[in-house]
Every structure is written in C-alpha cells, then in structure tokens.
Amino acid sequence: MSLLSIENVDYSYAKKTTFEKHVLKKLSLKIEPGSFIGIIGHTGSGKSTLIKILNGLLKPDAGTILYKGENIWSKNFDLRNFHLDVGVSFQYPEHQLFCDTVKKDIEYGLINKGVPKEVYESKIKKTLNIVGLSESYLEKSPFQLSGGEMRKVALAGTIVLDPEVLILDEPTAGLDPKSTQQIYDSLKTYQAQTNSSIIVVSHSMEDVSEYVTDIVALDDGQILLQGKPDQVFDNAEKLKKVGLDVPITTNILRLLAKDNPSVNTNIYRYEDTKLEISRLLKDAILK
Amino acid sequence: MNNTVIGQFIPGKSVIHGLDPRTKIMTTGLWIIILILTHSWIGFLLDAIFLAAVIIVSRISPIIVLRSIKPILPIVIFTSFFNVIYTSGDVLWSAWIFKITQQGIEISAFLSLRIIFMVMGSSILTFTTSLTDITSGIESLLSPLERFGVRVTDFAMMVTLAIRFIPTLSEEIQKIKDAQKARGAFFGSNKITKKIKEVFPILVPLIYSSFRRAFDLTNAIECRCYNQKIKRTKLNPLIYKKKDLVCGVISSLFALIILIIQH
Ligand SMILES: Nc1ncnc2c1ncn2[C@@H]1O[C@H](COP(=O)(O)OP(=O)(O)OP(=O)(O)O)[C@@H](O)[C@H]1O
Ligand SMILES: [Mg+2]
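These protein sequence lines are chains G and V, in that order.
Position 230 of the first sequence, counting from 1, maps to 230 under the numbering used here, and the rest follow consecutively.
Take any residue in the second sequence, note its place counting from 1, add 287, and you have its number in the numbering used here.
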C-alpha cells in the first residue's frame, strides 16, 4: 500500500462559468514512503493545483485520494491533521509570514500541531540547520529579510512540523546556487533521517536530475512521462515538445556524441558527467 | 476563485454591452431614483418587468445576476426582520412582545425589494461594462468639476486602481489562507476571541503584500513617465451614439410612468 495515492483525479477551476478551466485530467499518482519525487511541467500545466489536491486543500471533482488507505474526503477523516502530515510549502511561501520575529513564525505550526513546548527549541535548531540559516535570525523580524531569506524562514516553518510527506513548490526559485544546493542536500539528509517522502516541483532539469529518485512530467494536466530520471530523460523529443528539456550537461554530451559516437549520452548527474568527460579526455590524450 | 467575483466584467456583444458607459452609469443612477420613488406593489411589479427585460437584452445569465445579491442577503434579512417586528399598525399576529403588522410586512418587503433590485441593476452595469470603460465614464461625467479645482483624472485613476485590485486581493487572501492551513491553522471557530486570533495570520501578510504591491505599482507607473500635470488623451474616446439616445428615452419614460403611478 502506498503512503499517499491519488486515482483518476479531475479538477476544474471556476466551474460552471465562462472562465471554467479543466486543469487536472484523470490523473493518478502513487507516493511511496522514502521516495523523492520531482514534478516537472511547463508553466500552467497544473503542478501547483496537483499539490493542493495532494494536501487536501482542494477537493477534486472526481477521483479518490487515499492516505494510508483512508479516503481523505470521507466524512470522519481528520483533514486538519492531514494538512500537518502532508506538509506543503507553496510557491512564494514568503507571503505567509506574519509574526514579529522569525522564531514565532516558525513556532506557529508547532503550536497548531500541539507539540510540547520543551521540544520547540531543539526542533527549531535542527530545522534552521536544514534550511541553512544561523540562529542569529531567530529574533529578527521576517519582514526585514531579503526575499531569499524569507523563503528559507517559510520553508523552515513547514519542515519543522516533521511531515510524513513534504511537498515543496519551487522551493529554490529565486535562490542563489549555493542556497539551492544546500537546501537540496539538507532535504536528502532530512529524508535519510526520517524516511519521509519528499515531492519537489522544479523548473530546473539539472536540480531534478541531480537530487530526485523519481520524476513525474506533467503536460496539460496529464502525466506525460513518469519514472527514474534516466527513463524520463531518455525521451528528449517528447520533453522538448511540451517546453521541457533534458539537463544541460546531457545536452552537451549529446552534442559531443554527434562527432564521437563513443560518448555515453545517458548521463544526467554532474558527477557522472565529470567522469564521462575525463574518460573522453583520457582517450583523446592516449590517441 | 470558485465563484465569479462580484461585479466582474463578462464580455459580450449585446446592445447593453455596446452602450456608452456614461449612458449606463446615468441609467443606473436613474434606476436607483426610480426604486426610491417606488412604494406600491404595482410599482415594484413594473420595476421587476423592466429589470427582467434589461437582463434578457443584456444576455447575461439570470442565475449570475441573481447570484450577485448573495453577499447582501444577510443585511436584507436582518433589516427586514426588525422592520417586521417594530413597525406598528394593524396587528396580524402577536406573541409575547412580538407583533407582526401588515404595515411591517409591507415596509420590509418594499425595502428588501428595493435593495435587491438596486444591487441587481448595478450588477448589470458592472457585468456589461469593462473597468476601463466605467472609469472613463465616471471621469467624463465628473469632468465639469475640474473647473472647481477637483483633480478628476487622479480620482479616476485611484478608483481604477482600487477596483482593479479587488480580485487580486481576494485571490491573495485565498493563497494566504491555504498557506496557513497547511501549517495547521483552523478558520471558522465559534468563539469570538479565537476568531480575532484567526484573522492575524491572514491580515498581516495581506497588508504587507498590499504595501509591496503599492510600491511596485508606484515604481512601474513612474517608470512609464506618469505625470499628473499632463492632460492625457484616450485611446478610445467616448462618443454618444443613437442607441444611447434610445436607451435614455426609454428609461426616462419608464421613470415618468413610475412617477405618475406613485402619485
Ligand atoms: N485560482 C485559480 N482560478 C482559476 N484558474 C486558475 C487558478 N489557479 C490556477 N489556475 C489555472 O490553472 C492552470 C494550472 O495552474 P497551476 O498553478 O497549477 O500551474 P503550474 O503548473 O503550477 O504553473 P507554474 O509553473 O507557473 O507555477 C493555469 O492555466 C491557471 O491559469
Ligand atoms: Mg505553480
């Protein structure tokens, strides 16, 4: 049994008006414990909508959502606790900050969850570590921070709740490369410690191929491709057709392969690319 | 949003859509006067027929028009309740300290009808007229005030911006609410102290983002060399056409009929 699964979900915005928009079409997805899923898809393909469905904020027009085998839209299901079990950090999460100090803002979710006060401090410390903020931030006002720092505080507010499924909508959009790498690295560490599932929406093929174990490519509210990164990025043509791409390193290798058939073009991570290029260089020198 | 934002423009090609916004604004004003003048069942019947005719001509779905009264319904019910109870006259039914009189029922029915018709009528204006048209209509109607030193163009700009951002803000509220719910927030408790506490997680981010938006907008406007001292011309200047005259005549005639009936 999957931890969280959705089956044949349909969703439309502005139902029964002239602006009606059918966003998700018969979409099914399974999330296993300990998986790290990357969702990619062009702008407007329905990624953020899918996330709100997964988290129970939007009720699908048709289809079922099961969490640990229970239908989350059945009458006696505790949706409020479900929101905490499936933690979501939305696109531009910095818009949710409202307390006068960073510390209070991170504590907000803990209070709602009813976590004992004694563990606040250790939990907050651990979370700050994950998002890469120093403790000096705790007493600052969230409104005096830069956009990227706000983003990190908001992320911390979600991660601190130890959700079983952690969903992040474009967590690193607008962050510098170092912060991006650090957040992904910390997410991996967090996952190794807690065996939670993580779902990340991203527009960066490089980040996705580097960090996730499974990819879901959305196109117009339907799943276009799904699988391990190498399975998905094998379909470069299909991806390009819907405005996506393969990682830039793969593109470089595929260009190189035009002159040199011995180049392995099914490589998606930086480390593997480095190995392949050194191999090519060595061969060249030997010749 | 899951329901159409109140007063949202619904594009169309009906006669009403094609009228000059000034005509529609003035007719709406006249409509309100007509409603205030009406105080008999026959009058309201005529008003209802007139309103129905306008709705049919505008080709806006009657359901959408009816839906626009939803937000004012509580006020209508509240006021008519007290009107029914507190108006003295011929007692129809009484219990304990409550008395229901024929006059009370009549007064509250008229008042409710007046409010409902008013809202439905003005919603036709906003459903059939784009925001730009409404503001340029208001601007043009108020332009005589410019002689007295009132800065009508600035006022029109302010009104445009204020109305323009209503849907944006309501979307923003939804977004913030979702984000707080994802952090375990609960909205809709019954205790007043809790209710007040619930507002902060929404209000503070909303105010913050409104200020941010205002600053962004100021910069954007200034970058486009917006200047109050220069008289701007219009891309689509307003011109009265024949159908505006027809509309004016019809609605004035109707107003006259109501006036005669009521006296
Ligand atoms: N509240 C809403 N009301 C009406 N339509 C909406 C609403 N939110 C989203 N949509 C529409 O639904 C479609 C999918 O939106 P969604 O936000 O899920 O896209 P996305 O894949 O997250 O895009 P992006 O990469 O830009 O974040 C879009 O075409 C959008 O216009
Ligand atoms: Mg999105």
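Heads up, a few of these hints could be off.
Here are the simulated lysine-lysine pairs, DSS-like style, with alpha carbons at most 27 Å apart [unchecked claim]:
| # | chain 1 | residue 1 | chain 2 | residue 2 |
| --- | --- | --- | --- | --- |
| 1 | G | K117 | V | K521 |
| 2 | G | K16 | G | K103 |
| 3 | G | K117 | V | K529 |
Stretch-level coverage of chain G by chain V, calculated; a stretch enters the list once three of its residues show a Cβ under 8 Å from a Cβ in chain V [said to hold, decoys possible]:
| # | segment |
| --- | --- |
| 4 | 91 to 97 |
| 5 | 157 to 171 |
| 6 | 207 to 219 |
Selected chain V positions facing chain G (Cβ under 8 Å, derived; list incomplete) [stated by the list, open to error]:
| # | residue |
| --- | --- |
| 7 | P454 |
| 8 | E458 |
| 9 | I460 |
| 10 | K462 |
| 11 | Q467 |
Because the hints were derived from the structure by calculation, they are not lab data.
As the structure is a prediction and not an experimental result, all values here were calculated from the model.
Note that beta-carbon positions come from the ideal geometry of N, C-alpha and C, so glycine has one too.
Quick rundown of the hints versus the structure:
Straight-line distance between C-alpha atoms of K117(G) and K521(V) comes to about 62 Å, which puts the hinted pair past the 27 Å bound. In summary, the hint linking K16(G) to K103(G) is not supported, as the alpha carbons are separated by about 44 Å, beyond the 27 Å threshold. Our distance criterion of 27 Å between C-alpha atoms is broken by K117(G) and K529(V), whose separation comes to about 74 Å. Figure legend: the segment 91 to 97 of chain G, annotated as covered by chain V; annotation consistent (4 residues with Cβ-Cβ distances under 8 Å, at least 3 required).
Note: the segment 157 to 171 of chain G has 3 residues with beta-carbon separation from chain V under 8 Å; the three-residue rule is met and the coverage holds. For the segment 207 to 219 of chain G, the stated coverage by chain V is violated: 0 residues have a C-beta nearer than 8 Å to a C-beta of that chain, whereas at least 3 were required. Against a cut-off of 8 Å between C-beta atoms, the interface hint on P454(V) is violated, since the closest Cβ of chain G lies about 11 Å away. Checking E458(V) against chain G: minimum C-beta separation of about 11 Å lies over 8 Å; hint violated.
The closest approach between the C-beta of I460(V) and any C-beta of chain G is roughly 11 Å, which is over the 8 Å cut-off, so the hint fails. The beta carbon of K462(V) comes within 7 Å of a beta carbon in chain G, closer than 8 Å, and the hint placing it at the interface holds. Of the supplied interface hints, the one on Q467(V) holds, with its beta-carbon coming within about 6 Å of a beta-carbon of chain G, less than 8 Å.
Hint compliance for this structure: hints 1, 2, 3, 6, 7, 8, 9 are not met, and every other hint is.
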